[in-house]
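*Asks:* Sequence:
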Amino acid sequence: MRGRRRVGKSRLVEEFVDRAEVPYLFFTASAQPTVAADLALFVEEAAASTLPGAHILRGQQPQTWDAALTLLAAALPSDRPSVVVLDEMPYLIASDPGFEGTLQKIFDRELSRRPVLLICVGSDLAMMEALNDYGRPFHQRATEMVIPPLSPADVSDMLGLSAADAFDAYLVSGGLPLILDEWPTGASVHEYLTDAVRDPTSALLVSGERALAAEFPPQSQAGLVLRAIGSGERTFSLISRAAGDLPQASLNRALRMLTQKRAVEVTVPLSTKPSRETRYAVADPYLRFWLSFLGPHLSEIERGRGDLTLDRIDRSWTSWRGRAIEPVVREALRRLPSDHLPAEAATIGGYWTRTNDPEIDIVGADRGPVAQSISFVGSVKWQENRPFDAHDLGRLLLHRSRLPGADESVPVVAVSRSGGTAVDGIRVLSAEDLLTAYRN
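In this note's numbering, the protein residues as written are 170 to 609.
Treat the hints as calculated values from the structure; they're not laboratory data.
Don't take each hint at face value.
[Stated by the list, open to error] Straight line, CA to CA, 30 Å or less: simulated DSSO-like cross-link-like pairs of lysine-lysine:
no., residue 1, residue 2
1, Lys430, Lys442
2, Lys430, Lys274
3, Lys442, Lys550
[As the list claims (entries may be wrong)] Estimated spans, in silico, between C-beta atoms of each pair:
no., residue 1, residue 2, range
4, Thr370, Phe185, 26 to 32 Å
5, Gln309, Glu553, 50 to 56 Å
6, Phe405, Glu298, 24 to 30 Å
7, Arg422, Ser570, 39 to 45 Å
8, His509, Asp248, 51 to 57 Å
9, Phe185, Asp558, 50 to 56 Å
10, Gln229, Phe405, 50 to 56 Å
11, Ser570, Tyr303, 42 to 48 Å
12, Ser331, Pro465, 28 to 34 Å
13, Phe405, Arg536, 24 to 30 Å
Glycine included, each C-beta is placed from N, C-alpha and C at the ideal position.
With the sequences and hints as input, model every part of the structure.
*Replies:* As C-alpha cells, then:
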C-alpha cells in the first residue's frame with residue numbers, strides 16, 4: 170500500500186484491523202540509527218500485540234530480521250485469520266537493504282502457510298512501487314494498492330462547495346483528509362484560511378512541516394532544492410541560485426532524488442520539435458501551497474502574527490492560483506471523455522520557450538514529449554469574474570501560429586473558472602465541466 174504522506178494510509182489500515190476483529194500486529198517503523206534499534210522496537214510491539222503467541226517474543230533479543238520474523242511466525246495463529254502491518258516499510262529497507270529479501274524468505278517458508286494477511290505500507294512512492302518489480306524478492310507475490318488524495322469532486326461533495334470553490338480548496342488542501350476534516354462545510358478558501366493560518370496547530374500548517382521533516386530535512390540539499398522550487402523557481406539556473414548557488418553536480422543529484430521520490434515533476438515543452446527548456450514543479454498541490462505561503466513564515470505565525478501571512482496570501486492568491494491550477498486542469502482534460510474536447514489526444518501538456526513568448530497552457534498531441542502531430546491547443550483563464558474573451562482568443566491564435574507542428578487547422582479550446590459562452594465558435598470549458606472528469 171502506497172500513497173503520499175498524510176493521505177490517510179495508516180488510518181485506513183487501523184480502521185480495517187479494528188473492523189476485522191482478528192488478532193493483529195501493527196508495527197510502525199521510524200528512522201532509527203541502527204538495525205538493532207529497529208529490531209528492539211519491533212519485538213516490543215510484537216510482544217504487546219493481540220497475537221495469541223505474543224508472549225513468545227517477550228524478553229527476546231534477536232540480532233537479525235531473520236530471527237525476529239521467525240519468532241513472529243511462531244506467534245501467529247494457525248487456526249484463524251490474523252493481520253500483520255508493517256507501516257513505513259521504506260525505513261526498514263533503508264537501514265537494512267537485506268530486509269526485503271529476508272521478509273520474502275520468511276513469507277514463503279512460514280507466513281504463507283498460515284491464514285495471515287501481511288500489509289506493507291509506505292510513503293516513498295518510488296520505493297514502494299519498485300517492490301513488485303521484476304527481479305525484486307516480492308515480484309508477483311503482492312497485490313498493490315494506491316491510496317490517492319481526495320479528488321476535487323470528493324472535495325466538492327465533502328464540503329458542499331461549488332465546482333470553482335472546490336478546485337480552490339483542492340489547491341490549498343491537496344485533497345488531504347486531515348485538512349478537509351477541519352474545513353467547515355460551505356466555507357470558502359478565504360474563510361477557512363482566516364482561522365487555519367492563525368492556528369499554529371492546524372492540520373494545514375502541521376502537515377507540511379511533518380511531511381518535509383520526515384523526507385527532506387531543511388539542511389539537506391534535497392530539502393533546500395525542494396524549498397527553492399516551492400518558492401516559485403522553475404528553471405535549473407534559478408533553482409540553483411535560490412538554493413544558495415549549489416554546484417551543478419549537487420543540484421543534479423538533489424533533483425534526481427526529488428523526482429525519484431515523486432516530490433518534484435519534471436516537464437518539457439510539448440510540440441513536434443525537441444526542446445531542452447526543462448521546468449520543475451512541486452508535484453503535490455498542498456505542498457506547493459505550503460512551500461509558497463506557509464513554510465517560509467512559520468515563525469511569524471507562531472508568534473501570533475498569522476494576519477501577516479494571510480495578507481500575503483490575499484495579495485498573491487490570484488496570480489499564484491492561475492499558475493497552480495494549470496497541472497490540475499491538464500489532469501482533468503486527460504480524464505474527460507473525448508466528446509468534451511475538440512480532438513482526441515494521447516498526451517496533454519504545455520508549451521513554452523526560454524522567454525515565455527510564446528507560452529501555451531494546453532497542448533494536446535498524439536505522443537510526448539516530442540509529438541508527431543498536434544491535436545489541439547488551449548488557454549486557461551482562472552479568474553473570479555473575467556471569462557475567456559475575444560482578446561484571449563486572439564492571443565492564443567497568435568501563439569498557436571508559433572507552436573512547432575501547429576497550423577490554422579489545429580483546433581483550440583478554452584478553460585475558464587467563471588465559465589462563459591463560446592467565443593467565435595471556440596468551446597469554453599467551465600469548472601463544472603472539469604469536475605465531471607473526476608466523477609467518471
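*Asks:* When you check the alpha-carbon spacing of lysine 430 and lysine 442, does it fall within 30 Å?
*Replies:* holds, 29 Å
*Asks:* Within 51 to 57 Å: is that where the Cβ-Cβ distance between histidine 509 and aspartate 248 falls?
*Replies:* About 55 Å separates the Cβ atoms of histidine 509 and aspartate 248, which means 51 to 57 Å holds.
*Asks:* Please check whether arginine 422 and serine 570 have a Cβ separation lying inside 39 to 45 Å.
*Replies:* Given about 40 Å between the Cβ atoms, the range holds.
*Asks:* For the pair glutamine 309 and glutamate 553, does the Cβ-Cβ distance stay inside 50 to 56 Å?
*Replies:* holds, 51 Å
*Asks:* Taking the Cβ atom of phenylalanine 405 and the Cβ atom of glutamate 298, is their distance within the range 24 to 30 Å?
*Replies:* Cβ of phenylalanine 405 to Cβ of glutamate 298: about 26 Å, so the range 24 to 30 Å holds.
*Asks:* At the C-beta level, are glutamine 229 and phenylalanine 405 separated by a distance inside 50 to 56 Å?
*Replies:* holds, 52 Å
*Asks:* Given a hint of 24 to 30 Å, does the C-beta separation of phenylalanine 405 and arginine 536 actually sit inside it?
*Replies:* Holds, since phenylalanine 405 and arginine 536 (Cβ atoms, about 25 Å apart) stay within the stated range.
*Asks:* When you take the CB atoms of threonine 370 and phenylalanine 185, is the distance between them in 26 to 32 Å?
*Replies:* For threonine 370 and phenylalanine 185 the Cβ distance comes to about 28 Å; the hint holds.
*Asks:* How does the Cβ-Cβ distance of serine 331 and proline 465 compare with 28 to 34 Å: does it lie in that range?
*Replies:* At 31 Å between Cβs, range holds.
*Asks:* How does the Cβ-Cβ distance of serine 570 and tyrosine 303 compare with 42 to 48 Å: does it lie in that range?
*Replies:* holds, 46 Å
*Asks:* Holds or violated: lysine 442 with lysine 550, Cα cutoff 30 Å?
*Replies:* holds, 26 Å
*Asks:* Go ahead and decide if the range 50 to 56 Å is satisfied by the Cβ distance of phenylalanine 185 to aspartate 558.
*Replies:* holds, 51 Å
The structure is consistent with each of the numbered hints, conforming to all of them.
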